[in-house]
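Following the hints, complete the assembly by docking chains B and C onto the known chain A.
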Amino acid sequence: MTRLLDLAPLLAVLASATAAVAIVFTGERRRNLRETWTVLASLAKFGFIAAMVPGVLAGERYQVVLAELAPGVSLALRADPAGLLFALSASFLWIVTSFFSIGYMRGAEEHKQTRFFAMMAVCLSATVGLALAANLLTFVLFYEILSVATYPLVIHKGSEKAYRIGRQYLVYAITAGIALVAATALVYHTAGTLDFQGGGFLPAGADRGTLLVIFLLFFVGFGVKGGVMPLHSWLPNAMIAPTPVSALLHAVAVVKAGVFGFVRLVGFVFGPDLTASIGGAGFLAGAAAVTIVLASFIAMTKDDLKARLAYSTVGHLSYVVLGVALLTPTAMLGGAFHIVTHGAMKIMLFFCAGALYVHMHYTKVSELDGVGRRMPLTMGAFAVGALGLVGIPGTGGFVSKFMIAQGAAESGQVLVLVLLVVSGLLNAGYLFPIAIRAFFRSSPEHTRYDEASWFMVGPIVVTAALAILLGTFPDALFGFFGIASQAVASVAAGGVP
Amino acid sequence: MSQLPVLIPASLLLFALLAVVAGGRDGRWAHRISLVGAVVAHLVSLVGIATVAGGGTTLRYALAGWAPPVGIEFVLDPLAAYMTGVVTFIGVVVLVYAPRSLAVEMPGKERLAFPAMVLLLAGLTGMCVTGDIFNLYVFLEIAALAAYALLASGDRGAPVATFRYLIIGSLGGGFYLVGATLLYLTAGTLNMADLHARLPELVENRAVISAALFMTVGLGVKMALFPMHFWLPDVYTNAPSAAAGLVAPVMTKVSAYVLIRLYLDVFPPGFVTAQLPLASAVGWLSALGIVYGSVLAVAQQDYRRMLAYSSVGQMGYIGLGIGLANPVGLVGGLLHILNHALMKGCLFLIGGVVRHRCGITRIPDMRGLGRVMPWTMAAFVVAALAMIGIPPTAGFFSKWYLLLGTLEAGNWWWFAAIIASSLLSAVYFFRTVEMIFRHPEDGDWAATAEPGDPPASLLVPVLILGAAIVLAGVLNVVVVNALLAPAAASLGG
Amino acid sequence: MTGDLSVARYPYVFIAVLVVIGVWGMVMKRNLLKKVVGMGIFQGAIYLLLVHGAYKAGGAIPIHAAKLGLEPDAYMNPLPHVMVLTAIVVGVAIMGVALSLLVVIHRRFGTLDEARILEMLREQG
Numbered sequence: 001m002t003r004l005l006d007l008a009p010l011l012a013v014l015a016s017a018t019a020a021v022a023i024v025f026t027g028e029r030r031r032n033l034r035e036t037w038t039v040l041a042s043l044a045k046f047g048f049i050a051a052m053v054p055g056v057l058a059g060e061r062y063q064v065v066l067a068e069l070a071p072g073v074s075l076a077l078r079a080d081p082a083g084l085l086f087a088l089s090a091s092f093l094w095i096v097t098s099f100f101s102i103g104y105m106r107g108a109e110e111h112k113q114t115r116f117f118a119m120m121a122v123c124l125s126a127t128v129g130l131a132l133a134a135n136l137l138t139f140v141l142f143y144e145i146l147s148v149a150t151y152p153l154v155i156h157k158g159s160e161k162a163y164r165i166g167r168q169y170l171v172y173a174i175t176a177g178i179a180l181v182a183a184t185a186l187v188y189h190t191a192g193t194l195d196f197q198g199g200g201f202l203p204a205g206a207d208r209g210t211l212l213v214i215f216l217l218f219f220v221g222f223g224v225k226g227g228v229m230p231l232h233s234w235l236p237n238a239m240i241a242p243t244p245v246s247a248l249l250h251a252v253a254v255v256k257a258g259v260f261g262f263v264r265l266v267g268f269v270f271g272p273d274l275t276a277s278i279g280g281a282g283f284l285a286g287a288a289a290v291t292i293v294l295a296s297f298i299a300m301t302k303d304d305l306k307a308r309l310a311y312s313t314v315g316h317l318s319y320v321v322l323g324v325a326l327l328t329p330t331a332m333l334g335g336a337f338h339i340v341t342h343g344a345m346k347i348m349l350f351f352c353a354g355a356l357y358v359h360m361h362y363t364k365v366s367e368l369d370g371v372g373r374r375m376p377l378t379m380g381a382f383a384v385g386a387l388g389l390v391g392i393p394g395t396g397g398f399v400s401k402f403m404i405a406q407g408a409a410e411s412g413q414v415l416v417l418v419l420l421v422v423s424g425l426l427n428a429g430y431l432f433p434i435a436i437r438a439f440f441r442s443s444p445e446h447t448r449y450d451e452a453s454w455f456m457v458g459p460i461v462v463t464a465a466l467a468i469l470l471g472t473f474p475d476a477l478f479g480f481f482g483i484a485s486q487a488v489a490s491v492a493a494g495g496v497p
Numbered sequence: 001m002s003q004l005p006v007l008i009p010a011s012l013l014l015f016a017l018l019a020v021v022a023g024g025r026d027g028r029w030a031h032r033i034s035l036v037g038a039v040v041a042h043l044v045s046l047v048g049i050a051t052v053a054g055g056g057t058t059l060r061y062a063l064a065g066w067a068p069p070v071g072i073e074f075v076l077d078p079l080a081a082y083m084t085g086v087v088t089f090i091g092v093v094v095l096v097y098a099p100r101s102l103a104v105e106m107p108g109k110e111r112l113a114f115p116a117m118v119l120l121l122a123g124l125t126g127m128c129v130t131g132d133i134f135n136l137y138v139f140l141e142i143a144a145l146a147a148y149a150l151l152a153s154g155d156r157g158a159p160v161a162t163f164r165y166l167i168i169g170s171l172g173g174g175f176y177l178v179g180a181t182l183l184y185l186t187a188g189t190l191n192m193a194d195l196h197a198r199l200p201e202l203v204e205n206r207a208v209i210s211a212a213l214f215m216t217v218g219l220g221v222k223m224a225l226f227p228m229h230f231w232l233p234d235v236y237t238n239a240p241s242a243a244a245g246l247v248a249p250v251m252t253k254v255s256a257y258v259l260i261r262l263y264l265d266v267f268p269p270g271f272v273t274a275q276l277p278l279a280s281a282v283g284w285l286s287a288l289g290i291v292y293g294s295v296l297a298v299a300q301q302d303y304r305r306m307l308a309y310s311s312v313g314q315m316g317y318i319g320l321g322i323g324l325a326n327p328v329g330l331v332g333g334l335l336h337i338l339n340h341a342l343m344k345g346c347l348f349l350i351g352g353v354v355r356h357r358c359g360i361t362r363i364p365d366m367r368g369l370g371r372v373m374p375w376t377m378a379a380f381v382v383a384a385l386a387m388i389g390i391p392p393t394a395g396f397f398s399k400w401y402l403l404l405g406t407l408e409a410g411n412w413w414w415f416a417a418i419i420a421s422s423l424l425s426a427v428y429f430f431r432t433v434e435m436i437f438r439h440p441e442d443g444d445w446a447a448t449a450e451p452g453d454p455p456a457s458l459l460v461p462v463l464i465l466g467a468a469i470v471l472a473g474v475l476n477v478v479v480v481n482a483l484l485a486p487a488a489a490s491l492g493g
Numbered sequence: 001m002t003g004d005l006s007v008a009r010y011p012y013v014f015i016a017v018l019v020v021i022g023v024w025g026m027v028m029k030r031n032l033l034k035k036v037v038g039m040g041i042f043q044g045a046i047y048l049l050l051v052h053g054a055y056k057a058g059g060a061i062p063i064h065a066a067k068l069g070l071e072p073d074a075y076m077n078p079l080p081h082v083m084v085l086t087a088i089v090v091g092v093a094i095m096g097v098a099l100s101l102l103v104v105i106h107r108r109f110g111t112l113d114e115a116r117i118l119e120m121l122r123e124q125g
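Residue numbers (our numbering), protein chains in the order written: chain A, 1 to 497; chain B, 1 to 493; chain C, 1 to 125.
Chain A on its own, in the form it takes in the complex:
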């Protein structure tokens, strides 16, 4: 019997895809109507996903099988806790980004806005599609769409440099995509199925060499999007895109698709046991640890605000990878929850950077002296985000980092604990100075209150509130923490998640 909500995963994907078509046909001349589509689609998308939350928390699974993609593999969507967590986070942040984009794109008088809004909508469709994919092939399908749909956004500026960076982006993204396709073919050949299962579905008795090849191909496939060193270098460059893209795609949707891929890989393809026995866990944890430390150091050297945030993103994505690679349920929970908390905090920091750029034409950290007096809401939110990323109690970042640390302690990984403390300090080292400059230095230019447009400040305040809420009452809003717990539990429970 088909329940109405079984269609919700499909509707969530289609909402923004339909909007993309509507946006293209509405065009530049009727821009208010065009932006209405974006806002409506983001609300509808979030509505469809949020509607599934109570059911999923109660153990229901909504699924829809669309068509057979290849013999034995269907194009199928299924709302399990892990996927729902990512989809919920991405779609909620799309709502705030929609408003922010309108303010930003109009404020900065950007060209080709129709293409921008249409491609954003396509990207979100792909993100939610891969989050709710029931099997690896569906996942790969949306992953590739996401790769391609991001390209026009990266080259949006249309300068020679933008095309060069676009080329670099494509080299990384297409290589990753092809690695993923090769890995998926190998998985199908080895396991005879591609359906995700809690605890993995690859047979433990399979050839170790093949398993290693599969794992490495997946590492390339997900590592590129997830910004794991040495596959990260496209990400800071991709900041040439408009700030809403940096905020939503290169802090939440696209890059999180990579780390979410690691969640699926370790939790639902290999399973923690097999990941450990082929040595994949140590490899992943090592790569993540190196990335966290190096990215933090590089971030300190950057004067460009978006570049500094980008390296911060590179580092924080690896927290998720690290949490997953530690394999204990607590650490995995921390990693999964960090997808949500980091998403909320980092998107807000990028919003701040965008507001500074549109309103003051500031792009560099060194220009920010005293700006806190002129734009107190923006910079206040920035300070909250900085505290959150460092992991000060009371913010979302504390909860997720603490869980990872607890997981590390449970499994006796002292080095990881040290790493977490050190990286927290490094985070403070590159984020606090920005807030300190803004509030504790004075500048003759900034004497009176003069905030950016409410289209931008509104989303900033909302995400800042979310960052605090996630830290104080992790389960209050949409039950993020509960979903994350169930996601981790579904790994251990086995069977179809």
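Calculated directly from the structure, the hints in this document are not laboratory data.
Built from N, CA and C at the ideal position, the CB exists for glycine as well.
Each hint should be verified, as a subset may be incorrect.
[Unchecked claim] Sample of chain B residues facing chain C (criterion: CB under 10 Å; computed from the structure):
| # | residue |
| --- | --- |
| 1 | A158 |
| 2 | T162 |
| 3 | G173 |
| 4 | T181 |
Just chains B and C now, with coordinates in the frame of chain A:
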């Protein structure tokens, strides 16, 4: 119903003749009649597909009432129905497109070009449905002659390129005929089914072995199997766009189909795999061709030449399917016949549109075209993504089956060749995509052009093919289950 | 008779030589017209192969005669002859297209020397 197999090539031959007669007075009537002929043949093919889908039924027709194996037999099984469907579909689309394009590229000669196109379709569909290896030769040369006429009417270098194609093509056709003759002299029959029944006792016969060799080489030339591909790039580069748009998507593939037909349904099981390493030789040459074609495509500056080298590589995918000789691999190769026909047809027609509208054929000159003709270029992006193999476009799925096939065969080199060529096609197609979506600069064609896609008769075929690329991807399982899996089932497994 | 190729090998050797000469002409000759001549020889060799395959020592031409009755062994095999006739028609058509292409080429380039034509095409870009 039983006349259905012969109806496809016969109706096309009839309409070709009518078109010549009617075209004597008015070129527009030549076009109308040709288009009607292609549509009729396509509808008949669709009825055929509906009849034989799923395997089990095979339509057989004995020509002029002479019962096989003495008479010529026409056979419509799932594989033949699939091929006629592909060939006639491309035929209809290109015939819709042709008049406007040919009016620019070969003015004054269109009225004979349309019947030649229909004749080409007649030859190709004839090759697909005939059950007689000598009759196949005749259809092969009919198709070849029509193609020579079409291709030679292109640019300045076209007659030279076509002449070289003619020489090498008739060598290939001749080799096939030598093989067919040897088979007849040894087994005493020309009927494919009869040969299949008689050849098992003759597998050690040297005449049969050399027949297999001759036919493989001959068809290898015709299907542009590396290193016998050298005729192809010049021909595709110089041909009129509509002719290239018809020849490139289907012609080499029908030769590949004939090779598959021979290996599956004429020679005994295991003859070209276990006894003679012919299939794997085709596979290895294809793997080399995939890499070679992709590398050379990267180096090209001329749009059509890039597509031509890409075709050399893409034919390799079909060849890999032959070489793998397992069901899933062969399904991949066969599915690529459809997919590549749609993709290459779309790309060549887009090349024609660009040439028609702007007189451009070089990729660096295409800067900024995305702004000028957005719908055409949207179709280009879809086709390019399919060529790279991005899901859910068609190109992904044939690669998927082929990848599984190489894994089943345990052949990592072929696996690597598919992966490498995907990366290389990403390089040469995204290079073009980037050029198209750049801002036009002063002096570029696009900087001064009024925005505007071409007229509907050029745009609609391009968009139909673009949509078909996505549809064929999403619905690939339908095609595979109905037509291809039954054909590949005889490989066992 | 039809199944055994080893009895009378000489005709096959002769045909093979003709095939080699023809292919050599088609591939190696620089003059395009000589390539066509090579193609003619190649085609002729294939016709001979077919005609030879139809031959039976002592066989009559395949027209029904009362004194020979309906005994198949008494007649030569008619089918290869039919095939040869068809193949000749095909061959003539190809030859015709080839020659007409040569006329176009000669008009356009003033020569039939392949190397010089290719050079001209390259210079033109």
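Consistency of the hints with the structure:
Residue-level restraint check for A158(B) holds (minimum Cβ-Cβ distance to chain C is 9 Å; threshold 10 Å). Checking T162(B) against chain C by beta carbon gives a least distance of about 6 Å; that is within 10 Å, so the hint holds. Given hint, G173(B) at the interface with chain C, holds; its Cβ is 8 Å from that chain's nearest Cβ, closer than 10 Å. Given hint, T181(B) at the interface with chain C, holds; its Cβ is 5 Å from that chain's nearest Cβ, closer than 10 Å.
The structure fails none of the hints (numbered hints given earlier).
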